[in-house]
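**Q** So you can see what is in the structure, the chains are spelled out below.
There are 2 protein chains.
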Amino acid sequence: MAAPIDRSQMGLLEVEEIRSFVCRCVETAGGAPSHASCLADVLLAADTRGHYSHGLNRLEMYVWELQAGQCDGKATPTIIKESPGTGHVDGQNAIGTVVGTFCMDLAIKKAKNVGIGWVSCKGSNHFGIAGYYSLMAIKEGLLGMATTNTSPIAVPTRAKEVALGTNAFTFGAPADDNDSFVLDMATTTAALGKVEMQRRKEEPMPNCWGVDSDGKETKDPNKVMDGGGLLYLGGTEETGGYKGYGLGMMVEIMGGILGGGPYGTHIRKWQKDDRVADLGQTFVAINPEMFAPDFTGRMRQFMQEMRAMEPADPDKPVLVAGDPERCYEKRVTEEGGVWYHRSLITAMDKLAVELKVEPMKLKNA
Amino acid sequence: MAAPIDRSQMGLLEVEEIRSFVCRCVETAGGAPSHASCLADVLLAADTRGHYSHGLNRLEMYVWELQAGQCDGKATPTIIKESPGTGHVDGQNAIGTVVGTFCMDLAIKKAKNVGIGWVSCKGSNHFGIAGYYSLMAIKEGLLGMATTNTSPIAVPTRAKEVALGTNAFTFGAPADDNDSFVLDMATTTAALGKVEMQRRKEEPMPNCWGVDSDGKETKDPNKVMDGGGLLYLGGTEETGGYKGYGLGMMVEIMGGILGGGPYGTHIRKWQKDDRVADLGQTFVAINPEMFAPDFTGRMRQFMQEMRAMEPADPDKPVLVAGDPERCYEKRVTEEGGVWYHRSLITAMDKLAVELKVEPMKLKNA
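Protein chains in written order, with my numbering: chain A, 1 to 365; chain B, 1001 to 1365.
These are computed hints drawn from the structure, not numbers from a lab. Please note that the accuracy of each hint is not assured.
[As the list claims (entries may be wrong)] As a list, the in silico DSS-like pairs of lysine-lysine whose alpha-carbon atoms are at most 25 angstroms apart: (1) B:1112 / A:81; (2) A:194 / A:219; (3) A:216 / B:1316.
[Stated by the list, open to error] Some residues of chain B that are not near chain A, with every Cβ distance over 12 angstroms (derived): (4) 1010; (5) 1016; (6) 1017; (7) 1052; (8) 1119; (9) 1177; (10) 1272; (11) 1321; (12) 1329; (13) 1335; (14) 1341; (15) 1345; (16) 1347.
For every residue, glycine included, the Cβ atom is placed at its ideal position computed from N, Cα and C.
Turn these sequences into a full structure, and let the hints guide you.
**A** Okay, here's the thing in structure tokens:
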């Protein structure tokens, strides 16, 4: 269920307008046309699914990294080693979405051949919303899984300092009637952006979100931002946070350790540019036809049964992973575009001036 | 770090004494000798790793299920469908550890052939500690993953009633110097046994553990036990519980949906005997030699770096998944056996009388 939007400070942009703008910007910054188009697809998937933090909001970062040579807009990922069911890829510092798409395509091909494909890489960059890669598998009738390590920003259970990233994990599965299950989560309780938002609003955070510089749980967003860090899913040790920390380490094992790039504290700090990101990621595709018959029929029934449960609060129906995003996508289709806050549109106009490219035209200007 | 044990109410049993007792009981209840031995291995792995809830403590349940014909102690699992990287197995209602070992062996064989093996089954039973199956892969130099669905006992985010199980998940990886990472977790914050323990002690539970019959979070263990249910990792929606709920559904997708057995509310209730368990489980093995060189060396360094972090509380060192269990195993070796509470030993003596088998002899009798 998407929340109602206050449109007084917002502007509507058509999807194709956004896509062509991203392509203009990325190509001008040095990206190959096909790579620019790939990045546009993933950023649009984020915005049309309601994950604004990972859409146009990140475009300046991608452009800046291309211009600074932190990321190679023309590089093509290469396969280092291959077996019928696995692939080890060097992303060659290409745009993260290009590496991610390359690896998931390879995993899909293998899943169609031998039932499953598992591809891990080094040399990647931010790959956008993790869920995009599950959706790639789902479109082919397969189950999908993907992970990425990220800059250290979370504090392991019992520790005082950050040592691992928000280390995202996604798992998806197709279902009948165009339905699907798409779990797309940071292994931390909350993303840093949510903590920043509480600080701006000068409101305390819920339990389980973060710790101060002594490693003690705090509800004060300032303390998390100033020397503290995020807590893994489950919060403190008492409330199960050691499990979330274990999942965060699992994603790092599937990232820097399997892929062969840096890991943990060896990854560059968030928004620091002292070296390339060299992220490690894993992509898995599984062919349900190799298992019990009518996978998608049972998936659909399972999800419908969960949604039909009586909710504790009548205004908050029981959902399944992927439902809020599907609801958002439907609204974008109905409204003919994506609503953005004016501040983001202003930032994009500024970017257009800097790059000397055509700005976006508002649909409701 | 294992907690110090009060030995006044305890008895020490040698590992081989425990093993032969389990074999005697299971064979008398109708289990084939090799199946009895397999179950003994897994129960011993639980007790020697400090997970007493899943060891001898469960023996009466396994014996009862064999005697009642709820589980077939002589059945052999069969492969329904196979591809180079996948297997679909019917457990044929054999002892869960027999099914689990069969499936993980198959996954390991495939991982050695094509880099990865993914095996999902139906027709299984309780397979003991999930971590046992990760350890099977680790012993072969591989990464391992396993999941099992279980009886509905947890409440989905926003719902009022139980609809899914504690749905266990394990992921493990080998490392140099006989080190290893072994994450072995229920996807709920806590197991039901922990709630029962708080009720016995008449103490409140921490946040994030459970809800009452209205679906509201509660710290009262009685309310969880009487019409309420467990919460998934992360607790309520506000503290990230929807992610744990998503992971719980993922395990069910890898269980009843891929395997083709019952799922969610269709699985028999906990400790009810109206029908066979027919659990769905998945086992994955991944060959690290197909990826970046020196996987085990980097694993070891990564884990050592995490352990070396300054702890928030000097008495609580930073750990890595599997450390408490390894510490427990070391103590069992040093002490020449496993310490059990007298109440459990009494229960085992009673079981010996019932089955007319030789009881265990205490090492410190």
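**Q** Beyond 12 angstroms from every chain A Cβ: check whether that's true for residue 1052 (chain B).
**A** 19 angstroms, holds
**Q** Just checking, residue 1010 (chain B) versus chain A, shortest CB gap more than 12 angstroms?
**A** Fine: 26 angstroms to the nearest Cβ keeps residue 1010 (chain B) off the interface.
**Q** In terms of Cβ atoms, is chain A entirely out of 12 angstroms range of residue 1345 (chain B)?
**A** At about 31 angstroms from chain A, residue 1345 (chain B) clears the 12 angstroms cut-off, so the statement holds.
**Q** Is residue 1112 (chain B) within 25 angstroms of residue 81 (chain A), Cα to Cα?
**A** 15 angstroms, holds
**Q** Decide, holds or violated, for the assertion that all CB atoms of chain A are farther than 12 angstroms from the CB of residue 1335 (chain B).
**A** 26 angstroms, holds
**Q** Is residue 1341 (chain B) truly not at the interface, in the sense that its beta carbon sits beyond 12 angstroms from all beta carbons of chain A?
**A** 24 angstroms, holds
**Q** Test the statement that residue 1016 (chain B) is away from the interface with chain A: the closest C-beta pair must be farther apart than 12 angstroms.
**A** Non-interface label on residue 1016 (chain B) holds, nearest chain A Cβ at 32 angstroms vs cutoff 12 angstroms.
**Q** Please verify whether residue 216 (chain A) and residue 1316 (chain B) have alpha carbons no more than 25 angstroms apart.
**A** 13 angstroms, holds
**Q** Find the nearest Cβ of chain A to the Cβ of residue 1321 (chain B) and say whether that gap is larger than 12 angstroms.
**A** Violated, because the least Cβ-Cβ distance between residue 1321 (chain B) and chain A comes to about 4 angstroms, which does not exceed 12 angstroms.
**Q** Need the status of pair residue 194 (chain A), residue 219 (chain A): alpha-carbon distance at most 25 angstroms?
**A** 13 angstroms, holds
**Q** Does residue 1347 (chain B) sit more than 12 angstroms from chain A, CB to CB?
**A** 29 angstroms, holds
**Q** Checking a non-interface call: every C-beta of chain A should be farther than 12 angstroms from the C-beta of residue 1017 (chain B). Is that right?
**A** Residue 1017 (chain B) clear of chain A: closest Cβ-Cβ about 33 angstroms, beyond 12 angstroms.
Checked against the numbered hints listed earlier, the structure breaks hints 8 and 11; every other hint is satisfied.
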